[in-house]
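**Q** Whole structure, please, built from the sequences with the hints as guidance.
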Amino acid sequence: MSRPERKGAAVPLTAAEYDGLVRRLRDLEDKEALHALLIRGWRALDRKDWQTWIDCWADDGVLEFGPWGEIRGKEAIRAKVEEAEAPYPSMQHHILNTHFEVEDEDDRATGIGYMWFVAVTASGTTSATYSMGGPYAWDFRRGPDGWLLVRQRLGVLWTAGEDALQAFEPEIPLPGGERRDQDRPHV
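The sequence shown begins at 932 in our numbering and counts up by one.
SDA-like mimics (lysine to any residue), calculated; alpha carbons at most 25 Å apart, straight line: (1) Lys962 x Gln1023; (2) Lys979 x Ser1054; (3) Lys979 x Gly1000; (4) Lys962 x Met1046; (5) Lys962 x Trp981; (6) Lys979 x Asp990; (7) Lys979 x Ala1053; (8) Lys962 x Arg1073; (9) Lys1005 x Arg1039; (10) Lys962 x Asp1076; (11) Lys979 x Ala1017; (12) Lys1011 x Trp1047; (13) Lys1011 x Gly972; (14) Lys962 x Gly1077; (15) Lys1005 x Ala975; (16) Lys1005 x Tyr1067; (17) Lys962 x Thr1029.
Ranges between beta-carbon positions, derived for each pair: (18) Glu1034 x Asp980: 27 to 33 Å; (19) Gly1055 x Trp981: 20 to 26 Å; (20) Pro1020 x Trp1047: 15 to 21 Å.
Bear in mind the hints are in silico, worked out from the structure with no lab data behind them. C-beta: ideal position from N, C-alpha, C; glycine also.
**A** Next comes the structure, spelled out in structure tokens:
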């Protein structure tokens, strides 16, 4: 928006222009806060700092992950992710192509992005890696202490290498309630 200026003095904003500017600034700040929340949490996963990661979640959080199905509740989410990822000697969680939409009137936001996960599967070597990628979709809620993750949907579109630890393999129910790992193609 271009505004006429007088030489030596700025033209004051109208109330509507000021309100619009405040709204746009708040939207940018919220989007940056959402991005920072995810970066803080997922960098913590790389360090196996489970507490910092789970602090990014609301108590009633829901994780929907293709191979695992739906996991409800902050502590159940932490337990499953820690169980799956703790055995890897090192990991990198990449969050790519993010986009956020903030709904000011009800302190909610949504986001999308892509995951690229790479893990070293054997100690003492950097060549034994497993990786996977897929789409993220997030729901967030703003609370008194800032934004929290309420729901994460994560699909797996591709894998590469062998998941020697089989932490991310889907399970299929068998008759009688037993479970077995499902063979899944990878590239």
